[in-house]
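Asker: So you can see what is in the structure, the chains are spelled out below.
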Amino acid sequence: MVNKIMVVDDDPGVIYTIKNGLKRLDSNYEIITAENGKKCIEFLETNEIPDLIILDILMPEMSGWETFHKIREKLTGEQLPIIFLTSRKDQIAKKAGGFLGEDFIEKPFKLPELKEKIDKILNRT
Amino acid sequence: MRKKINISLSLKLTLIVISVSAITIASIGFINLYYFNVHYEDIFFENPYYETASSHIQALNAIIGDNVSLNDKDMLMNKTNEFLDSIPPEYKDNILRITYNIADENDELIVFFSTDNTSIGTISNPYIQVTEKGTIACNNNAFEQDHIYIISEHNKDSHELIMLYPINLTGTIEGTYELVLSMNDAYIRFKEETDSQVKWTVIISTVSLFFLIFTFLYLLSRAVVRPIITFRDSAKVIGQGNLDTKVKINSKDELGELASAFNKMANDLKESRDKIYEYNKILENLLKQKDEFIGQLGHDLKNPLQPLVGLLPMLIEQEKDPEIKEALQLMNHNVEYMRDLIFKTLQLAKLRSPDVKFDLKHLNLAEESKNVIESQKHLFKQNKIDVENKITKEIYVKADKLRLAEIFKNIIANAVKYTPDGGGKITLEAEQDKNIVTVSISDTGRGMKKEQLKRIFDEFYRADKFVKLTDSIGLGLSISKRIVEKHGGKIWADSPGIGKGSTFYFTLRSTNEK
Numbered sequence: 001m002v003n004k005i006m007v008v009d010d011d012p013g014v015i016y017t018i019k020n021g022l023k024r025l026d027s028n029y030e031i032i033t034a035e036n037g038k039k040c041i042e043f044l045e046t047n048e049i050p051d052l053i054i055l056d057i058l059m060p061e062m063s064g065w066e067t068f069h070k071i072r073e074k075l076t077g078e079q080l081p082i083i084f085l086t087s088r089k090d091q092i093a094k095k096a097g098g099f100l101g102e103d104f105i106e107k108p109f110k111l112p113e114l115k116e117k118i119d120k121i122l123n124r125t
Numbered sequence: 126m127r128k129k130i131n132i133s134l135s136l137k138l139t140l141i142v143i144s145v146s147a148i149t150i151a152s153i154g155f156i157n158l159y160y161f162n163v164h165y166e167d168i169f170f171e172n173p174y175y176e177t178a179s180s181h182i183q184a185l186n187a188i189i190g191d192n193v194s195l196n197d198k199d200m201l202m203n204k205t206n207e208f209l210d211s212i213p214p215e216y217k218d219n220i221l222r223i224t225y226n227i228a229d230e231n232d233e234l235i236v237f238f239s240t241d242n243t244s245i246g247t248i249s250n251p252y253i254q255v256t257e258k259g260t261i262a263c264n265n266n267a268f269e270q271d272h273i274y275i276i277s278e279h280n281k282d283s284h285e286l287i288m289l290y291p292i293n294l295t296g297t298i299e300g301t302y303e304l305v306l307s308m309n310d311a312y313i314r315f316k317e318e319t320d321s322q323v324k325w326t327v328i329i330s331t332v333s334l335f336f337l338i339f340t341f342l343y344l345l346s347r348a349v350v351r352p353i354i355t356f357r358d359s360a361k362v363i364g365q366g367n368l369d370t371k372v373k374i375n376s377k378d379e380l381g382e383l384a385s386a387f388n389k390m391a392n393d394l395k396e397s398r399d400k401i402y403e404y405n406k407i408l409e410n411l412l413k414q415k416d417e418f419i420g421q422l423g424h425d426l427k428n429p430l431q432p433l434v435g436l437l438p439m440l441i442e443q444e445k446d447p448e449i450k451e452a453l454q455l456m457n458h459n460v461e462y463m464r465d466l467i468f469k470t471l472q473l474a475k476l477r478s479p480d481v482k483f484d485l486k487h488l489n490l491a492e493e494s495k496n497v498i499e500s501q502k503h504l505f506k507q508n509k510i511d512v513e514n515k516i517t518k519e520i521y522v523k524a525d526k527l528r529l530a531e532i533f534k535n536i537i538a539n540a541v542k543y544t545p546d547g548g549g550k551i552t553l554e555a556e557q558d559k560n561i562v563t564v565s566i567s568d569t570g571r572g573m574k575k576e577q578l579k580r581i582f583d584e585f586y587r588a589d590k591f592v593k594l595t596d597s598i599g600l601g602l603s604i605s606k607r608i609v610e611k612h613g614g615k616i617w618a619d620s621p622g623i624g625k626g627s628t629f630y631f632t633l634r635s636t637n638e639k
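So the sequences go chain by chain: U and Y. With the first letter of the first sequence counted as 1, position 104 gets the number 104 in this note's numbering; the numbers rise by one all the way through. With the first letter of the second sequence counted as 1, position 431 gets the number 556 in this note's numbering; the numbers rise by one all the way through.
Please note that the accuracy of each hint is not assured.
Claimed, not checked - DEER-style ranges, computed between Cβ atoms:
#	chain 1	residue 1	chain 2	residue 2	range
1	U	I49	Y	K486	19 to 25 angstroms
2	Y	E584	U	E78	44 to 50 angstroms
3	U	N123	Y	K475	33 to 39 angstroms
4	Y	R398	U	R72	30 to 36 angstroms
5	Y	N410	U	S63	48 to 54 angstroms
6	U	R72	Y	P429	42 to 48 angstroms
7	U	N20	Y	P447	39 to 45 angstroms
8	Y	K495	U	N123	40 to 46 angstroms
9	Y	K486	U	N20	19 to 25 angstroms
Said to hold, decoys possible - Cut-off 20 angstroms, straight-line C-alpha distance, at most; resulting in silico cross-link-like pairs (SDA-like, lysine to any residue):
#	chain 1	residue 1	chain 2	residue 2
10	U	K89	Y	G548
11	U	K110	Y	K502
12	Y	K502	Y	Q472
No lab work stands behind these hints, which were simulated from the structure alone. Ideal Cβ placement from N, Cα and C applies to all residues, glycine included.
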C-alpha cells in the first residue's frame, strides 16, 4: 500500500527537501504538495483525503493554524493526522492546551527524524 | 569591650534637668536655712528681750540704791524681792534668777547672793573674770560704770539671755548683777513658726519645682525630642526607599534647618534615583529588544537551514567521488555547527527571560552525575580521558533534572575540549555545608591565567584562541552560569595557572540539611 502524504509549506526549499528526501528513504510514500493553506483546503475539497498532512505554521494567504481549524471542522485526528512544521517550538507549547494530541517537528530537522514520526503515526491506525 | 547602654534622649534630658534642679534646691535650701538660724535669731528674735532685761536691771539698780551694804544680806534680799514684786507677773516668769557676783579677798569671783539658792558660793558664769590689775571684766573688757553687758546662751533645750550690770555701791565696781532671762517660750513660738514656714517653703518649692521640671521637660520634648523622633521615623521611612516622604519640622531653628536640608537631600536622591530608574527601564527595554531580535533572527535562520540539514547527509551517503564527499562532509560539519549555534543562542535568550520556569525536584546528585558521565562515554574514550566520580550517594539537591544534566555536560565538555590530545583525568566531587552543596569538576587540562578566569563565563568567550572556531561555540559555560544562577546558586572557576589544570565549582541548594 502506498501512503499518501501531503506537504503544505510556502518554502520551495522545504517542499523539495521533504519530497525528495522521503521518497529516497521510503518508496512507499506518495507526496502531494501545496504552497499554502488555502490551496491545501481547496485540494481536500475536491480530491481523495491523504493519509497524513505535514503542515507549516507560518504561511501567506492562510496560516497553518487556520488551515488546521478548517480541517478539524470536518475531519478528526484519526481520519487525518497532522504533523506541524515549526521553527518556534515555544509557540506550540503555548497553544498546547488547544492542540493536544497533534504532533510537531522543529525545523531544521534531519530526515530520518521525520520518517520516524511519520511511520509511528501511520502504524497507529 | 565596653558595652554601650542605650539611653533615650528624653531620659538623658530628664536626668540632666533633675540633677541640675537637685543641686539648685540643695544650695538654695542651705543658704535659706543658714540665714534663718543665724541671722533671724540674732536680729529679730532676741531684740525684745534686750529691752526687757535692760529695763529690769536698771530698775533693780535703782531700788537697791547706794545705801545698801553688801554685808547686809537680808536687806539685799528684801530689796530684791521688792524689785521682783514690782514686776508685772507676766514678765516675772521669764526671770530665772538674779545673782550678785562679788570679787572676794583673793580676787576670785564668787556668787555672793542669788535668788536661786543652790548656786551660792561658786561662780557659774564663765563670761566674767577678775583681771590681773584687780578689775572685773567681761570677755576681757573691763566693766564700766552703767554699762550693760549682754550674752545670749543657746543650748539644746534652754535659751538664756544673761545680762550683766556693774555693782557700784562704794564708788568702785565691786561685782556684777546678773539677771538671767529665759527665752524658751519665745523660742518655742519661733520654732513653731519657722518650722511650719520651712515646711511650707519646702512643700511649695518642691511642688513648684516639679511643676517647673515637668513644664520644662514638656517644652524641651516639644522643642527638641519630638522633632528628633519625627526625624528618626521619617528617616527610617526614607531609608526604606520611600523618598517622597518629607520630614515635617517647621520650627525656625537648627532642627528646622536640618530638616529642610534633609528634605532637600531626599529630594535630590529621589531625582537621581528616578533618573536611574528611567535609564534602567530604557536599558531593560533595549535588552528585551535585543533578546527579541535574537529570538526572531534565530527562528528565521532555522527555516533556510532546513534543506541543508535535510539534504546534505543524503548527498554524502550517495556520493562516490571521495573529493566531493570530503567537501560535502566539510559543508555538513559547518551546517551542524550553525544549527548548534542557533539552538544555544535561543536557549540563552530564553534563560534570560523572566518567565522561564524550572521543574524543581529532589534529585540524587550521585545518580544524576553518573547518568551524564554514561551519556558522554564515547567522548571520554575518544579523548583518552579517565573520569572519577567521587560524589557520595547521600547528597540530594533541589534542581531541574534536564538543566542540571546540562550544567554537568557543558562543564565536562569544556574540560574535555581543553585537555590535550595525550589524554587526562576529570574528577567530580561534591561537598555539603548546611543546605548548600558545592560541586567541583577538576581537570588536568591546560589551565587558565587570571584574566582568562574572569572572562570564562562571558558569552562567546574562548579561553584559547587557537581552538578551532568550528569546534566550539563558546556558549556552554554562559548557559551553565545562567542555569546555576536561576537555581539561586553561584558558579566560578579556579586554576593554579597555565598547564596546571582547572577546577569549576557551582553551588546548589540541598534538600537534606546536614
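Asker: If a hint holds in the structure, say so; if it doesn't, say that too.
Answerer: How the hints compare with the structure:
no.: 1; hint: U:I49 - Y:K486: 19 to 25 angstroms; verdict: 44 angstroms, violated
no.: 2; hint: Y:E584 - U:E78: 44 to 50 angstroms; verdict: 47 angstroms, holds
no.: 3; hint: U:N123 - Y:K475: 33 to 39 angstroms; verdict: 34 angstroms, holds
no.: 4; hint: Y:R398 - U:R72: 30 to 36 angstroms; verdict: 54 angstroms, violated
no.: 5; hint: Y:N410 - U:S63: 48 to 54 angstroms; verdict: 29 angstroms, violated
no.: 6; hint: U:R72 - Y:P429: 42 to 48 angstroms; verdict: 30 angstroms, violated
no.: 7; hint: U:N20 - Y:P447: 39 to 45 angstroms; verdict: 24 angstroms, violated
no.: 8; hint: Y:K495 - U:N123: 40 to 46 angstroms; verdict: 35 angstroms, violated
no.: 9; hint: Y:K486 - U:N20: 19 to 25 angstroms; verdict: 44 angstroms, violated
no.: 10; hint: U:K89 - Y:G548; verdict: 39 angstroms, violated
no.: 11; hint: U:K110 - Y:K502; verdict: 24 angstroms, violated
no.: 12; hint: Y:K502 - Y:Q472; verdict: 25 angstroms, violated
Violation of the numbered hints given earlier is confined to hints 1, 4, 5, 6, 7, 8, 9, 10, 11 and 12; the remaining hints are satisfied by the structure.
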